[in-house]
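Novice: In case you want the letters, here they are:
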Amino acid sequence: MADTLLEVKGLKTQFISDKSRIPAVDGVDFNIHRGETLALVGESGCGKSITSLSIMRLIPENGKIVEGKIVFEGEDLTKKSEEEMYHIRGNDIAMIFQEPMTSLNPVLSIGEQLTEGIILHQKLTKQQARSRAIEMLKLVGIPRAEEIMDEYPHQLSGGMRQRIMIAMAMSSNPKLLIADEPTTALDVTIQAQILELMKELKEKFDTSILLITHDLGVVAEMADRVVVMYAGQVVEEADVHTLFEKPAHPYTEGLMKSVPTLEKEQKRLYSIRGIVPSPDEFPKGCRFAPRCDQAMEECLHAQPDLYEIDAGHVVRCFLHKTKEREAKA
Amino acid sequence: MSHLLEVKNLCKYFPIKSGFLKRTVRTVKAVDDVTFYVKKGETFGLVGESGCGKSTTGRAILRLIEPTSGEVWFDGNNIAELPKSQLRKARRHMQMVFQDPYASLNPQMSVAELIEEPLKVHQMYASAKERKEKVLEIAETVGLNRSQIDRYPHEFSGGQRQRIGIARALSLQPKLIIADEPVSALDVSIQSQVINLMEDLQEEFGLTYIFIAHDLSVVKHISDRVGVMYLGRMVEMGTKHEIYDEGAHPYTQALLSAVPIPNPKLRRERIVLKGDVPNPANPPTGCAFHPRCPKAFERCKQERPQLTHLGGEHYVACHLYDNESIGHRGKG
Ligand SMILES: Nc1ncnc2c1ncn2[C@@H]1O[C@H](COP(=O)(O)OP(=O)(O)OP(=O)(O)O)[C@@H](O)[C@H]1O
Ligand SMILES: Nc1ncnc2c1ncn2[C@@H]1O[C@H](COP(=O)(O)OP(=O)(O)OP(=O)(O)O)[C@@H](O)[C@H]1O
Ligand code: SF4
Ligand SMILES: [Mg+2]
Ligand SMILES: [Mg+2]
Numbered sequence: 001m002a003d004t005l006l007e008v009k010g011l012k013t014q015f016i017s018d019k020s021r022i023p024a025v026d027g028v029d030f031n032i033h034r035g036e037t038l039a040l041v042g043e044s045g046c047g048k049s050i051t052s053l054s055i056m057r058l059i060p061e062n063g064k065i066v067e068g069k070i071v072f073e074g075e076d077l078t079k080k081s082e083e084e085m086y087h088i089r090g091n092d093i094a095m096i097f098q099e100p101m102t103s104l105n106p107v108l109s110i111g112e113q114l115t116e117g118i119i120l121h122q123k124l125t126k127q128q129a130r131s132r133a134i135e136m137l138k139l140v141g142i143p144r145a146e147e148i149m150d151e152y153p154h155q156l157s158g159g160m161r162q163r164i165m166i167a168m169a170m171s172s173n174p175k176l177l178i179a180d181e182p183t184t185a186l187d188v189t190i191q192a193q194i195l196e197l198m199k200e201l202k203e204k205f206d207t208s209i210l211l212i213t214h215d216l217g218v219v220a221e222m223a224d225r226v227v228v229m230y231a232g233q234v235v236e237e238a239d240v241h242t243l244f245e246k247p248a249h250p251y252t253e254g255l256m257k258s259v260p261t262l263e264k265e266q267k268r269l270y271s272i273r274g275i276v277p278s279p280d281e282f283p284k285g286c287r288f289a290p291r292c293d294q295a296m297e298e299c300l301h302a303q304p305d306l307y308e309i310d311a312g313h314v315v316r317c318f319l320h321k322t323k324e325r326e327a328k329a
Numbered sequence: 001m002s003h004l005l006e007v008k009n010l011c012k013y014f015p016i017k018s019g020f021l022k023r024t025v026r027t028v029k030a031v032d033d034v035t036f037y038v039k040k041g042e043t044f045g046l047v048g049e050s051g052c053g054k055s056t057t058g059r060a061i062l063r064l065i066e067p068t069s070g071e072v073w074f075d076g077n078n079i080a081e082l083p084k085s086q087l088r089k090a091r092r093h094m095q096m097v098f099q100d101p102y103a104s105l106n107p108q109m110s111v112a113e114l115i116e117e118p119l120k121v122h123q124m125y126a127s128a129k130e131r132k133e134k135v136l137e138i139a140e141t142v143g144l145n146r147s148q149i150d151r152y153p154h155e156f157s158g159g160q161r162q163r164i165g166i167a168r169a170l171s172l173q174p175k176l177i178i179a180d181e182p183v184s185a186l187d188v189s190i191q192s193q194v195i196n197l198m199e200d201l202q203e204e205f206g207l208t209y210i211f212i213a214h215d216l217s218v219v220k221h222i223s224d225r226v227g228v229m230y231l232g233r234m235v236e237m238g239t240k241h242e243i244y245d246e247g248a249h250p251y252t253q254a255l256l257s258a259v260p261i262p263n264p265k266l267r268r269e270r271i272v273l274k275g276d277v278p279n280p281a282n283p284p285t286g287c288a289f290h291p292r293c294p295k296a297f298e299r300c301k302q303e304r305p306q307l308t309h310l311g312g313e314h315y316v317a318c319h320l321y322d323n324e325s326i327g328h329r330g331k332g
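Taken in order, these protein sequences are the chains called A and B.
At position 59 of the first sequence the residue is numbered 59 (the UniProt record's numbering), and the sequence of numbers has no breaks.
At position 215 of the second sequence the residue is numbered 215 (the UniProt record's numbering), and the sequence of numbers has no breaks.
I should point out that these hints are in silico values taken from the structure, not numbers from a laboratory.
It cannot be assumed that every hint is accurate.
[Claimed, not checked] In the DSS-like style, the derived pairs of lysine-lysine whose C-alpha atoms are separated by at most 30 Å in a straight line are: (1) Lys264/A / Lys240/B; (2) Lys274/B / Lys202/A; (3) Lys257/A / Lys265/B; (4) Lys8/B / Lys246/A; (5) Lys267/A / Lys40/B; (6) Lys138/A / Lys301/B; (7) Lys264/A / Lys274/B; (8) Lys246/A / Lys12/A; (9) Lys267/A / Lys240/B; (10) Lys257/A / Lys240/B; (11) Lys301/B / Lys40/B; (12) Lys79/A / Lys123/A; (13) Lys175/B / Lys8/B; (14) Lys274/B / Lys138/A.
Next comes chain A alone, as it looks inside the complex (with noise of 0.2 Å):
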């Protein structure tokens, strides 16, 4: 059995005000190997910053973790204090945002945002830090590195920023490192850029990763497996290949028809009918059901569960339930 660093297990975060509960996740299932690229992909709203953040705990405050277990190295990270939760952010566990302003501090130099870190959690002296940071910013890229280090956020380009949260968040060598939708806000050539500079790092460090995004392109060429969630839940897991080659849940391969791509020509663009459902009104039966063509009387009633289809892909839908007592007889 390959070696597991973190497993997400039942995991449900609902926030929760007087008069509602909204399940953003809702059960969620996975585990991260090590070495391994592991991509969450959804829709928006479909709660894969919520799963993220919950690994973090840094969700918002109206937000909470009200069931399940993240096991991370053999500890649920869901019982550890808040003291313990930070230096493991410090230390093992790394996440970078989609929009890194929001992340970096506008009134600190970026030499500044990196060593205090460093200084705090690999206890150097001021001056190691300032030297490991900028073997950072080499290691990610960035020219005039020495000279960066006195400048400030608005001073750099888009893709600049997204490599110093990079840096940042190498800085520290985690074991898993989160990624939210990395190149999400950056132009292509630029995301082709930042693409490349992970794969090395990866390969480098061997650093487990968790790449959250909704661009099946960044995933075909990012991830080694796939889960993808749609209203809080997982409702496919499989590896890479088996994924593009064979999606076996009908809102899978929706997502797979409805993107246009350089290969291939299509004359019209399959499209799922209806919208995403939002987490205070999800359909009784399968959350998907409103909007599948292959729906059946079951679908409208009952919720499937995960079924395992093949070693390592699992499914929930109804139409592969007969499926797994085969694979299982």
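The hints should help you fit chain B with the ligands onto chain A, whose structure is shown.
Specialist: Frame of chain A, contents of chain B with the ligands only:
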């Protein structure tokens, strides 16, 4: 096919003012000597990275901003020189759809009012009754039903709001629609719905589109011809086939190779460009692409390349393809 629109040497320079006296310290050449044409009934895709001047080109054509210089020929008129009094009439035939459907819709107006507004402004129908009927018809065309049209924009999803934006643009039965990133803010499943809708409407009403986007796959799908912009300039232009299969400009080639393909078997070698997109307030000399270009040679630093005809409808602005440089190419 005749040309519905001809843009000649279009420029839009923005002054950057600074200091107490607000003196102009520099200018941003957002659109710098751009020339192209759009044929009746086709879709012309305009691609390029953030800040290259796509939106400014679209807005200057409609004179939502005043062009600095150049000509915009539409329907026998040079829009760029049309007196303000005649501009409104000409604009009826050219409409714009915006990227952020939410920001471009007045939140105080219901969908019906939003669609009706342009009809009122242009006094399109004699009676209010006729006008209201037209509104219903247009709403239905874009897939909004009767029960929805008395609601307000915030009650709709992104894709539905984009339908409202399209309905507004359609209401005046324009000849040309400039769609500025109409699907960029949408999820893929919604994106394909809106693209299909735009294609259906084009067929039904014989519309001509300028489709602005940074997603090269989407542009390939929807366009007949494509223009590639870099730092305010049109660097290449041609049919979809000429651009996507025979792209000649090193920037076009790098751009296409940078697009991740949703097929894990096709993980490929790409041309990874060095460096960032330069600052348009301080563009490089000569060919604006030369500092990042893997094929640049001496002349590229000094001289700005002009659009050269490569045959068919294919044009490129690159010294690798103009006559005086053929010798260099042989050597390189
Ligand atoms: N602070 C909050 N309070 C209430 N609901 C929230 C809050 N943050 C997120 N949500 C809801 O939780 C759900 C999941 O949000 P999440 O940010 O995880 O989506 P996502 O998959 O990351 O989407 P995107 O692709 O748009 O980033 C959404 O429906 C969202 O509206
Ligand atoms: N009103 C303005 N004043 C000053 N500069 C402007 C103004 N509008 C645009 N610019 C500048 O002109 C250049 C071109 O901008 P434009 O919005 O046309 O780019 P774009 O290709 O549409 O980019 P994007 O893909 O980000 O929408 C940019 O450098 C921009 O900063
Ligand atoms: S369970 Fe039914 S409705 Fe849901 S995806 Fe499968 S076939 Fe479609
Ligand atoms: Mg998110
Ligand atoms: Mg724009």
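Novice: Determine for every hint whether it applies to the structure shown.
Specialist: A quick look at each hint next to the structure:
no., hint, in the structure
1, Lys264/A / Lys240/B, "holds (13 Å)"
2, Lys274/B / Lys202/A, "holds (21 Å)"
3, Lys257/A / Lys265/B, "holds (17 Å)"
4, Lys8/B / Lys246/A, "violated (50 Å)"
5, Lys267/A / Lys40/B, "holds (21 Å)"
6, Lys138/A / Lys301/B, "holds (28 Å)"
7, Lys264/A / Lys274/B, "holds (29 Å)"
8, Lys246/A / Lys12/A, "holds (29 Å)"
9, Lys267/A / Lys240/B, "holds (14 Å)"
10, Lys257/A / Lys240/B, "holds (21 Å)"
11, Lys301/B / Lys40/B, "violated (38 Å)"
12, Lys79/A / Lys123/A, "holds (26 Å)"
13, Lys175/B / Lys8/B, "holds (20 Å)"
14, Lys274/B / Lys138/A, "holds (14 Å)"
The structure shown violates the earlier hints numbered 4 and 11.
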